[in-house]
Amino acid sequence: MKKNLTLSSLFSTGLIALALSPAVYADAWSVSATPSITQGAYGNSTTRNSLSDIGVTVSADYLEQGGMTAGYSNTIVNRKNGLNSIDQNNMLLSGRMNFFTDALPGKVTARLDGYQVQNNQTDDTSKADVIAPQFSWLSRDNKLYLDVGYANSRYRNGLNITQYSPTIGFGLNDGYDWLQLRSYQISGINPASTAGKSSTASFDAKWTHFFTPASVLMPASLTLSAVTGEKIYAVDMDAQSVANLADLSTGSATAALAWNVSKKTKVLLMAGQTQFRETNPSKDYNLAFGYLSLSTAW
Amino acid sequence: MNRIKHVFLSRSVALLLTLSPLMVQAEDNSAWSNSYQLEAAGQYDQAITALDSIKLNGADAELRNLRRGWLYYLLGSYNESIREYRYANERNAKSVDARLGIVLPLLAQQRWREAEMYANLALELSPNNYTALLRATLAQEGLGDWEKMEKSAEQMTVTYPTDVSAFVYLARAKARLNKKSEALAAYRAVLVRFPGHLEATAYLEKP
Numbered sequence: 001m002k003k004n005l006t007l008s009s010l011f012s013t014g015l016i017a018l019a020l021s022p023a024v025y026a027d028a029w030s031v032s033a034t035p036s037i038t039q040g041a042y043g044n045s046t047t048r049n050s051l052s053d054i055g056v057t058v059s060a061d062y063l064e065q066g067g068m069t070a071g072y073s074n075t076i077v078n079r080k081n082g083l084n085s086i087d088q089n090n091m092l093l094s095g096r097m098n099f100f101t102d103a104l105p106g107k108v109t110a111r112l113d114g115y116q117v118q119n120n121q122t123d124d125t126s127k128a129d130v131i132a133p134q135f136s137w138l139s140r141d142n143k144l145y146l147d148v149g150y151a152n153s154r155y156r157n158g159l160n161i162t163q164y165s166p167t168i169g170f171g172l173n174d175g176y177d178w179l180q181l182r183s184y185q186i187s188g189i190n191p192a193s194t195a196g197k198s199s200t201a202s203f204d205a206k207w208t209h210f211f212t213p214a215s216v217l218m219p220a221s222l223t224l225s226a227v228t229g230e231k232i233y234a235v236d237m238d239a240q241s242v243a244n245l246a247d248l249s250t251g252s253a254t255a256a257l258a259w260n261v262s263k264k265t266k267v268l269l270m271a272g273q274t275q276f277r278e279t280n281p282s283k284d285y286n287l288a289f290g291y292l293s294l295s296t297a298w
Numbered sequence: 299m300n301r302i303k304h305v306f307l308s309r310s311v312a313l314l315l316t317l318s319p320l321m322v323q324a325e326d327n328s329a330w331s332n333s334y335q336l337e338a339a340g341q342y343d344q345a346i347t348a349l350d351s352i353k354l355n356g357a358d359a360e361l362r363n364l365r366r367g368w369l370y371y372l373l374g375s376y377n378e379s380i381r382e383y384r385y386a387n388e389r390n391a392k393s394v395d396a397r398l399g400i401v402l403p404l405l406a407q408q409r410w411r412e413a414e415m416y417a418n419l420a421l422e423l424s425p426n427n428y429t430a431l432l433r434a435t436l437a438q439e440g441l442g443d444w445e446k447m448e449k450s451a452e453q454m455t456v457t458y459p460t461d462v463s464a465f466v467y468l469a470r471a472k473a474r475l476n477k478k479s480e481a482l483a484a485y486r487a488v489l490v491r492f493p494g495h496l497e498a499t500a501y502l503e504k505p
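Keeping their order, the protein sequence lines are chains A and B. Going by my numbering, the letters in the first sequence line up with residues 1 to 298, in that order. Going by my numbering, the letters in the second sequence line up with residues 299 to 505, in that order.
None of these hints come from the bench; they were simulated from the model. These numbers were taken from a predicted model, which means no experiment stands behind them. Glycine included, C-beta positions come from ideal geometry on N, C-alpha and C. The reader is advised that the hints may include incorrect statements.
FRET-style restraints, in silico, Cβ to Cβ [unchecked claim]:
1) MET97/A x LEU423/B: 26 to 36 angstroms
2) ALA253/A x GLU422/B: 47 to 57 angstroms
3) GLU422/B x ALA201/A: 48 to 58 angstroms
4) TYR458/B x LEU217/A: 30 to 40 angstroms
5) ALA500/B x HIS209/A: 39 to 49 angstroms
6) SER30/A x ASN332/B: 42 to 52 angstroms
7) LYS449/B x SER30/A: 55 to 65 angstroms
Using the sequences and the hints given, assemble the complete structure.
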């Protein structure tokens with residue numbers, strides 16, 4: 001018996017299903033909007049003072065078959081020594097399609113993100129167009145996750161950054177814990193901005209514990225994450241952001257709490273600190289930040 | 299002599315023409331019979347193959363799709379099962395069987411929202427249908443939509459007051475919604491219908 005993921009099965013569960021399912025079914029689409037705000041303060045930086053970002057993403061999903069996300073945010077970096085602030089617009093358009101596999105029981109997701117960032121400066125990294133595809137697989141028992149992410153970032157003056165970010169995730173403790181490990185391999189970097197390096201490697205570890213909250217005041221999950229190694233110009237496909245403004249990142253630690261305020265409303269609060277290294281002159285500095293988002297579905 | 303031979307041949311041909319639909323029917327029935335026997339033996343793959351002689355656009359085409367959908371589901375080939383049930387639904391848009399059938403592979407693939415949708419579509423055709431209510435409740439449990447699950451399970455307990463499963467799902471939903479006293483009452487109702495029920499006993503011992 002042919003149990004492989006065939007083209008016909010893909011179509012039977014994917015595209016054709018869209019046409020065959022009753023379009024009028026009220027609950028077929030789920031739409032959510034997530035406004036967010038980030039505030040950060042730089043420590044020990046010679047040029048940077050503070051960071052603020054305000055944005056919103058809107059997502060729409062059709063049953064379990066796929067969906068789209070569009071997002072916009074504005075980032076302001078206040079600088080020292082009379083330097084004018086960096087004022088940046090960030091745009092995101094993302095699409096995803098899910099396929100359900102029987103031979104290897106689970107869900108395959110093909111995703112394509114497109115990012116465009118542009119600010120009021122004129123240096124190489126003040127404008128970028130990014131294309132980032134990702135193929136992921138989540139086992140049906142939700143105990144194993146794999147993805148292969150790729151990003152191509154085209155900056156000004158021919159700066160062309162390539163990123164590979166393979167990921168593995170494990171569901172533990174009957175689904176109450178989730179451990180995710182991701183590696184970032186970034187190449188094509190201008191050595192002048194990374195003290196002679198044309199590529200960087202870093203490693204992210206993220207642990208999430210899910211609670212069974214007895215009231216809305218109790219958090220639904222706690223996430224702790226840590227980054228080691230070095231990375232610059234990274235495209236974070238979880239946060240759906242492009243780190244074009246930062247210097248070389250040499251590590252970070254974050255903690256996040258999520259609350260299910262109601263069936264359709266979720267709050268995420270995150271705090272963390274990231275270490276950076278300026279290259280000219282070589283100096284370490286950090287960014288302490290807080291992030292708050294409110295997700296509402298309807 | 300030739301005339302007699304001609305008459306005999308003509309009658310033979312006529313007889314054959316009369317019998318042929320019965321022969322075909324007998325052949326098809328043997329295909330169904332073989333398929334049922336192979337299913338009973340757990341040979342789902344061969345039970346599907348046994349249906350190959352059933353005409354794709356014949357009188358039994360819809361039943362062929364429904365049966366193949368069921369057998370593919372048993373085989374764990376959920377995408378093929380979904381495809382067959384969709385074909386059956388295309389042939390007969392009023393088929394509760396097709397809408398209920400497709401819910402099974404969707405639940406197996408944890409496509410909770412799609413499963414709930416098809417269970418609700420079955421309920422549109424057949425309100426209060428037990429299987430549709432049960433499968434909608436299962437999908438809602440998978441989604442973690444405890445409010446909807448509570449509502450569906452309540453509807454089951456009203457319509458099918460002797461059913462144990464209805465009260466188990468109602469109790470689970472109440473427990474997840476932190477309605478402890480109502481969860482306790484529902485689990486007690488489970489124990490009345492199924493004395494010694496493990497889940498109900500465990501909850502009542504440690505709510």
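Going through the hints against the structure:
At about 30 angstroms, the CB distance of MET97/A to LEU423/B agrees with the hint of 26 to 36 angstroms. Between ALA253/A and GLU422/B the C-beta distance comes to about 52 angstroms, which sits within the given range of 47 to 57 angstroms. A C-beta distance of roughly 56 angstroms is found between GLU422/B and ALA201/A, which places it inside the suggested range of 48 to 58 angstroms. Range check, TYR458/B to LEU217/A: Cβ separation about 38 angstroms, and the 30 to 40 angstroms hint holds.
Restraint check, ALA500/B to HIS209/A: a C-beta distance of roughly 24 angstroms breaks the suggested window 39 to 49 angstroms. Our hint of 42 to 52 angstroms for SER30/A and ASN332/B holds, since their Cβ atoms are close to 45 angstroms apart. At roughly 18 angstroms, the beta carbons of LYS449/B and SER30/A sit outside the given window of 55 to 65 angstroms.
Taken one by one, the earlier hints fail for this structure at numbers 5, 7, listed in ascending order.
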